[in-house]
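Q: In case you want the letters, here they are:
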Amino acid sequence: MMTELLVEILISLFLLAGVGFMFVAALGLLRMPDLPIRLHATTKAGALGGGLLMIAVGLEFFGDVTVAAKAAAIIVFLVLTGPVAAHLIGRAGYFIGVPMWSGTIKDELKGRYDHKTQTLMSPPGLSKTRDEQPKG
Amino acid sequence: MRLEVALPVIIPLFFGALTLILWRWRLAQRVTTVAGTGLMLLSALWLLAATWQDGILVMHMGNWQAPFGIVLVSDLLGAIMVVLAGISGFATAVYSLTSMSRRHEAFGYYPLLHLLLAGVNGAFLTGDIFNLYVWFEVMLVASFALLILGGERAQMEGAIKYVTLNLVSSAMLLSAIGLLYGLTGTLNMADIADKLSYAEDPGIITVIAMLFLVSFGIKAGAFPFFFWLPASYHTPQVAVSALFAALLTKVGVYALFRVFTLMFTQDVDYTHEILLWVAAATMLTGVLGAAAQYEFRRILSFHIISQIGYMIMGLALFTPLAIVGGVFYIMHHIIVKANLFLVSGLVYRLKGTYELKELGGMYRSHPMLAILFLIPALSLAGIPPLSGFFAKFILIRAGVEAEAWWIVGVALLVGLLTLYSMIKIWAEVFWKAQPEEYADRPAHGSAGSGVLYLTIGGMAALTVFIGLGAEPVYRIADAAAHQLLNPSLYIDAVLGER
Amino acid sequence: MLEFSIFIAYVVLGISLVLIFFRLVLGPSLPDRVVALEMLATLTVGFIAVYTLSSGVTAFLDVAMVLALTAFLAAVGFARLIAKGGSRDDD
Amino acid sequence: MIGPLASNILLALVWMGLTGSFTGTNLFIGLVLGYLILASALRDQPGFAAYTGKIPKAIRFIGFFIKELILSNLKVAYDVLTPTYYMKPGVIAFPLEAKTDAEITVVANLISLTPGTLSLDVSSDRKVLYIHVMYLENEEAVIESIRYMEYRALEVLR
Amino acid sequence: MLLAVLSGFLIAAVAPWVHRGLGRHSGWALAALPAVLFIYFASFLPALGETDGGRIILEYDWIPSLGIQLTFLVDGLSLLFALLISGIGFFVVAYAGRYLEGHRDLGRFYVLILAFMASMLGLVLSSNLISLFVFWELTSITSYLLIGYNHEDAKARKSALQGLFVTVAGGLALLTGLIMMALVGGSYELHELLTSGDIFREHDWYLAILLLVLLGCFTKSAQYPFHFWLPNAMAAPTPVSAYLHSATMVKAGVYLMARLNPSLGSTEDWMLLLGLFGAVTMFVGVFLSVRSTGVKQVLAYSTVMALGTLTMLIGVGTETAMLAAMAFLLAHSLYKGALFLVAGILDHEAGCKDFLQTGGLRRALPVTTVFAGLAALSLAGVLPMFGFVAKELLFEAVLEAPALAGLLSVFAVVSAVMVVAVAAIVGIRPWYGPRVDTPKTPAHEAPPALLAGPVILASLGLLFGLGAGLVDQGLIAWAAAAVYGAPVSPYLSLWHGFNLPLLLSGVSLALGLLLYLNWERFRRFTGFMAVVDRYGPEAAYEKAMAGMVWLSEWQTRVLQNGYLRYYLLTILISTVGLVMVTLFTRTHVHIDLDLSGILVHEAFIVAVLLMAALVSVTTRSRLGAVVSLGAVGFCVALIYVLFSAADVGITQVLVETLTVIMLVLVLFRLPGFLGLTPMVLRIRDAVIALAVGAMMAVLKLAASTTRYADSISEYFIQESQPSGYGRNIVNVILVDFRALDTLGEIVVLALAAVGVYAMIKFRAEDRK
Amino acid sequence: MNSQFALQSLILRTAAHFLLPLLLIFSVFLLLRGHNEPGGGFIAGLVAASAVALYMFALDIRSAKRVLRFEPRDLLGWGLLFGVISGVPAVFVGQPFFTSQWLELTLPVLGELKVGTPLLFDVGVYLVVIGAVLLILLSLAEAED
Amino acid sequence: METLMAFTVGGLFAAAIYMMLRRSIVKLVIGLVLLSNAANLLLFTQAGLLRGAPPLVPEGAMQPAGAVADPLAQALILTAIVIGFGVLAFAVVLIHRAYEVVKADDMDQMKDTDT
Ligand code: NA
Ligand code: NA
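Protein chains in written order, with this note's numbering: chain A, 1 to 136; chain B, 1 to 498; chain C, 1 to 91; chain D, 1 to 158; chain E, 1 to 768; chain F, 1 to 145; chain G, 1 to 115.
Derived from the structure by calculation, the hints contain no laboratory data.
Note that CB positions come from ideal geometry on N, CA and C, so glycine has one too.
Hints may contain errors.
Computed spacing ranges between beta-carbons, pair by pair [stated by the list, open to error]:
(1) B:W277 - E:R20: 52 to 58 Å
(2) F:F70 - D:K75: 28 to 34 Å
(3) F:V115 - D:E144: 35 to 41 Å
(4) D:L5 - F:K114: 30 to 36 Å
(5) D:E144 - A:S102: 23 to 29 Å
(6) F:V115 - E:A686: 52 to 58 Å
(7) E:R682 - D:I70: 47 to 53 Å
Per the computed footprint, the stretches of chain A lying under chain D, defined by three or more beta-carbons under 8 Å from a beta-carbon of chain D, are [as the list claims (entries may be wrong)]:
(8) 28-41
(9) 90-100
Full structure from sequences and hints, please.
A: Laid out in structure tokens, this is it:
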């Protein structure tokens with residue numbers, strides 16, 4: 001009885017935390033001032049929110065390995081695909097010159113894309129220094 | 001278990017798959033196509049014979065009892081339609097042997113042909129309303145693809161209209177099926193009919209019947225839903241045009257016959273009155289549309305519409321004789337219209353154009369072709385003793401018996417105007433001298449015309465036969481109508497005696 | 001307890017849905033909308049999770065699984081479109 | 001790394017066959033058992049040792065990663081939920097330690113998943129990762145923390 | 001009998017080969033067929049004599065289920081016609097072989113003329129109304145092809161169409177009339193219907209039947225106001241004119257009226273309609289004939305006159321009238337056949353087509369002159385020709401007519417006057433007087449093949465006149481009896497003593513000659529007719545045809561206008577109209593707006609779904625619209641999931657993603673949205689769209705309140721595992737219970753893919 | 001190295017190398033268990049097609065085609081053939097078309113297994129879906145190249 | 001819920017129809033997508049709505065424990081979705097090709113074939 005309640009509370013916590021992060025992601029998506037910052041919000045909070053919710057599901061069906069495996073798989077899939085999508089979208093924003101927020105303090109990527117060949121140059125200073133750095 | 005019920009569907013499906021696999025081997029595709037359509041025709045004849053002998057035949061697909069599984073049902077109307085599909089399919093296949101361009105052959109003409117036939121036969125034989133929708137879609141998408149084969153501008157323009165309006169029709173059909181399923185909880189048409197016959201307060205059924213009317217009306221090319229047809233039917237290769245003209249709209253007509261004899265007979269005074277108005281308007285607008293045209297295939301396309309009107313007239317009058325007339329009309333029209341398109345194709349092949357104003361002198365140069373045009377053309381116009389005369393005669397007699405004077409008047413007037421159009425073609429293409437300025441238009445060659453003549457001649461012979469030998473044809477149509485007007489025969493055959 | 005949490009979760013997800021929708025409408029750029037679509041997919045996963053909890057039926061997790069694995073393909077498609085310069089005349 | 005993993009899976013399958021139960025639970029048990037067997041019985045074999053040694057490292061890394069994830073998520077959440085923006089975003093070029101495609105991708109994705117940083121793209125010469133950073137008050141510190149993350153990740157991968 | 005009727009078709013089918021084989025003798029060879037037929041039909045005479053004008057019926061099966069049989073009825077009327085058809089046919093075929101010698105289409109001509117003859121025989125011999133109609137229409141078609149024989153001439157084509165259109169239009173009315181007759185009389189068989197006249201006359205449908213049948217007969221027999229096609233039909237070669245417009249086709253209408261007289265006649269309606277139309281036609285015909293100058297026109301209009309006369313006589317309906325009609329029919333066939341053939345000789349030998357270009361040909365064509373004169377005398381009704389006998393009877397009949405006697409008599413006399421003038425024009429003008437330069441100078445008299453017809457037909461006119469009794473007891477009387485419906489006492493003779501008809505004959509002869517002498521003046525005096533022509537029946541026909549084409553073009557412009565959205569609008573408005581009217585008039589469903597039981601997140605999802613749909617519709621960014629569609633798709637997927645459809649949800653998600661990818665791949669090349677439509681139209685479209693949406697919503701709600709039976713899906717739920725060995729019921733349905741659906745569905749997918757592939761590869765090929 | 005079509009992204013390319021087998025194994029999983037759990041030939045086919053589509057975007061068309069090994073067009077034909085043929089065996093035992101025929105196999109490792117024509121049918125569906133979707137996508141992609 | 005779904009279906013139909021009535025061929029595609037969704041949803045909701053009861057038989061059982069959602073309707077929608085997808089693919093490419101041939105995104109320039 002007591003454990004049941006505890007489990008229920010635990011699940012509720014994960015559940016609410018999960019939707020909370022989802023909400024943060026959604027709100028961030030709406031509120032944040034430019035594309036990359038919105039991507040920040042959705043990539044992380046989305047993955048975390050989804051993960052927490054899946055943990056809640058796993059707990060609810062504790063002992064059912066199939067469910068656990070599914071929940072784990074979902075987390076893995078989210079974690080695998082989210083950043084790739086974010087990378088593609090963020091990059092796409094650069095391609096078409098989506099303006100950055102006025103508070104942005106630095107942009108080392110600006111002007112490094114060659115649109116025709118779709119190549120991206122490294123900054124002139126950095127590529128040299130890299131070889132000198134120790135590996136490890 | 002009656003194998004023959006499913007064969008007309010299974011055979012073209014099989015050959016469709018086979019020709020897809022044989023994509024790279026043109027010769028193999030051609031051989032299998034003629035073999036496949038020939039086999040299909042044979043299976044269709046077998047089915048008709050069996051249905052004639054043993055009454056309505058049913059195959060419970062997957063051995064699941066009706067109304068749970070899907071049934072294929074062959075009543076006489078269905079069997080007749082399948083035979084007609086077999087004839088037009090086979091004729092088209094043979095005609096295609098010499099007329100189809102390599103470009104078409106290389107991009108799936110043969111698989112498309114088989115699968116189109118599979119869709120058509122499926123629609124004719126299925127006893128399940130949702131399955132009917134599926135076959136309709138098979139047929140439609142196959143026709144979409146056949147329509148654009150060639151990639152010309154006119155084809156694209158026509159296809160957009162064809163596709164859009166037919167998709168609207170499909171969406172309506174799907175919605176109507178959804179509503180009907182919600183009401184009756186079943187999809188088997190016999191079961192639906194059975195349940196509706198006990199239904200209290202069937203008013204809502206009539207409303208849903210209207211959706212079916214519109215949906216099938218679009219597919220049949222009835223007024224005021226026919227616009228896609230004249231926009232597109234004259235654009236593909238002529239063998240394709242012929243097949244479309246012969247079969248596709250008739251599937252819509254068939255569906256109207258099926259649902260408005262089997263399921264929607266609660267409020268006949270209302271529904272069939274509407275059908276009658278639709279029939280009249282369809283006849284008139286179709287035939288008038290043709291009178292303004294000066295392009296061979298466009299004239300023919302508009303006439304499809306007006307002829308659809310006659311078929312619907314038969315259904316709408318809803319007397320035994322009228323239904324016979326409708327069925328007879330379908331039989332006659334499929335043969336005749338396919339043949340006219342094939343003739344137009346041969347004319348094109350010889351003269352390089354479909355424009356009446358640029359054509360001429362063919363009575364002099366190709367007297368055989370002239371006769372082979374005149375037979376179906378006069379038949380279409382209802383000149384005795386060709387098939388079209390008896391079709392019209394039965395309908396008019398039915399109209400007179402029902403004292404539906406105005407529709408009789410319309411039917412007669414439309415017959416006259418049909419003659420006008422056919423005579424126009426005759427006078428312009430065959431009688432008139434070849435206009436000098438178009439005399440040097442490059443012909444598309446006459447090599448292999450023998451096969452084409454053979455096809456056209458065979459179809460013309462059928463037309464003459466349906467006329468001169470109208471007795472057996474009439475008797476089949478009569479028996480088909482008897483089954484249609486006694487839905488309990490169908491219901492009992494599908495669901496068993498209850 | 002859990003039921004109430006689920007109720008709250010549904011409400012929060014519902015509100016989140018609306019927020020995402022606003023970004024989708026507001027844009028202003030195509031990538032912004034695509035982010036919103038991505039987020040919508042993730043949110044759908046969230047919905048399914050909560051729904052699994054509330055219904056006790058685990059079969060719906062399969063939907064979430066497929067969604068999590070394939071939804072980003074839409075973003076890939078859009079990204080490619082943009083990379084090929086397909087959206088400059090848009091938005 | 002593939003060989004030992006395959007062995008592990010094979011062991012799990014054999015376990016399932018032996019027990020005659022093909023449920024997910026049993027597979028999981030089989031996998032754990034297989035791992036334990038491999039880790040103890042073949043600990044001297046170089047290939048297997050690396051494999052069995054990786055697992056604890058990976059688990060540790062995941063723990064570390066989850067901690068990072070949660071902590072910095074809270075930071076973003078705070079910024080999102082409060083009316084004023086505290087962030088100072090910018091894009092930096094991060095010289096990559098990772099060499100192979102797989103390493104670069106994993107690193108880039110991990111960077112994306114940890115809040116405050118988002119991998120935008122890799123230069124065509126694969127030497128530089130462009131990262132969008134939300135709190136770029138101290139660029140050195142940011143680069144340092146990213147490098148630490150990269151180090152931990154490569155440790156598991158190599 | 002069947003063979004006799006159909007032999008024409010059979011021989012027609014091989015005629016081109018006969019022609020090719022026999023060359024210039026083909027005419028005589030093929031003429032053997034009508035000759036044989038003539039003998040065959042003549043052989044019925046004794047049999048008919050034995051039954052004293054009774055009838056012989058021969059029946060062959062055709063379409064018994066429909067009551068359509070090949071039943072042949074041989075009595076005086078049909079035999080008279082059959083003999084005329086085959087007899088004159090003999091001369092015409094022989095004549096044509098010579099007249100059209102060397103013509104490239106002579107072979108086809110034989111086909112048509114023989115087929116025509118067979119159709120005509122079938123028409124007059126058929127007892128079954130429908131087979132009669134079949135042959136009736138066949139004569140229309142074959143005559144169409146014959147009139148348009150010189151088909152490269154636009155005028156010939158036009159005339160042919162005119163003839164066809166008018167006669168077929170009438171034919172359709174006739175068909176309806178015949179069907180109604182059959183329904184009233186309970187049979188399609190004439191020999192059964194002819195005895196049941198009272199049933200028809202008392203039936204409600206009588207007038208309708210009468211009008212429909214007469215419409216058919218009047219058009220075919222060129223009664224006013226449908227007479228105009230006949231002179232135009234002179235575009236045909238002369239043998240055709242001789243045959244069609246003397247003995248056969250145009251008389252089909254007369255035949256049918258005569259045939260149906262026992263059933264439909266003897267009523268006031270009948271008498272008035274036939275009497276008046278006949279009289280007017282008679283007058284108009286002869287009037288126009290006198291006014292014409294073209295050789296064939298003059299003859300053609302005089303045929304119109306003769307047809308009017310016959311109609312009038314059948315309308316009068318007395319015993320005398322019937323006798324007169326039959327006599328006149330025979331007389332007319334003989335002299336008109338002869339005259340047309342003479343006209344052909346004029347054309348063939350001298351190149352004359354117009355009486356104004358003729359004169360003084362008697363030396364060049366002496367034999368022709370004699371027999372043309374003989375035929376003209378019969379036409380004028382001069383003693384002792386058979387035409388005189390007929391005319392006397394005609395006067396007698398109209399004078400004794402039970403109704404309208406005075407009016408008809410006046411018409412008859414005035415017409416007779418003008419006929420005399422016509423006869424003079426034909427019989428005198430070309431032959432006598434000063435020699436006029438003709439396009440061709442005749443080198444010699446016409447050859448025997450051409451002369452045979454005129455000589456024998458004209459001679460027969462004289463022979464029958466001198467020995468009126470030759471035909472009196474037999475054929476004419478039997479024919480008249482068949483028409484009258486009772487035995488007729490024959491009293492044909494050349495001399496009936498001095499009486500009123502004779503007086504009228506004399507007067508008309510004198511006045512007619514006077515008219516001939518003032519021919520030029522008469523034509524000038526009646527020049528106003530040109531104005532009348534502009535508003536006459538022919539002009540009306542032309543206007544109607546033009547109007548039909550105009551209407552057709554207008555309709556196409558309006559309906560088939562090329563704008564997809566108007567097509568859609570038409571369809572949708574019709575649908576909404578049909579559904580809503582039906583809903584409100586045929587049902588009494590109440591729609592109940594129950595908003596309870598909605599969970600809050602579901603409301604959110606639905607709201608976003610609808611808003612996303614709205615955005616996809618209103619956004620100016622096409623890619624924004626695609627993204628919104630994606631959102632719609634996810635929301636729909638969520639609805640599926642929330643209401644327990646896992647497989648559907650997965651499918652929806654996958655399909656949505658692939659759709660977006662596909663759209664993205666394609667939209668790449670398409671332009672952005674354009675704001676092409678003005679606001680007003682957008683509002684209109686929005687209203688229509690909302691109406692459709694509302695219709696679907698209302699339908700759904702209305703249908704939700706009713707459920708007639710439980711769903712069959714319970715069966716699937718129960719049987720999925722036990723019989724289908726699967727726990728995912730949806731999948732078991734898909735691959736087992738309803739595998740056929742799924743098979744169709746993958747076929748659709750395969751087809752779509754092939755279509756896409758073809759479209760794209762075509763373009764690739766085109767680019768190369 | 002890359003065709004014009006693909007996205008030039010190292011991250012995506014690498015991810016695709018990893019995701020492709022994942023998606024494919026997932027698709028086979030969905031296919032095989034579809035009779036008992038959500039899944040089935042259609043869904044599985046879509047997932048497999050997505051996998052190849054991903055490859056197409058990430059690498060290039062040629063690699064995507066190499067993954068597939070067969071022409072998508074041939075997959076259509078064979079898939080349809082499977083679909084049709086799976087309905088035929090019933091006829092030989094005197095049952096209507098598409099009556100499912102089941103075979104109970106006892107395999108050494110997997111134990112008792114019910115194999116039936118519905119599975120063959122589902123495989124047909126699977127092949128057709130893969131073939132159709134990829135025929136469409138690859139043609140579209142090639143058209144751009 | 002039935003009422004709400006009725007509005008949803010109606011709204012989707014309205015949106016679809018509005019889009020199909022536009023001159024731009026691109027909008028036509030969007031209309032088609034919406035139309036197919038609308039029809040599917042109608043079919044789905046018409047069979048009755050049940051939460052949290054997928055038509056699955058639990059492992060080891062012969063029948064589901066309680067009431068489950070209508071599996072037939074779901075199978076039908078699956079079929080309809082797939083068909084809709086195929087048709088849509090065709091339509092999209094068709095419109096693409098039409099645009100290439102006509103060189104305009106305007107249906108009004110595609111009316112030469114009719115008359
Ligand atoms: Na299905
Ligand atoms: Na399916």
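Q: Just pull the numbers of the violated hints for me, sorted ascending.
A: Failing hints, ascending: 2, 3.
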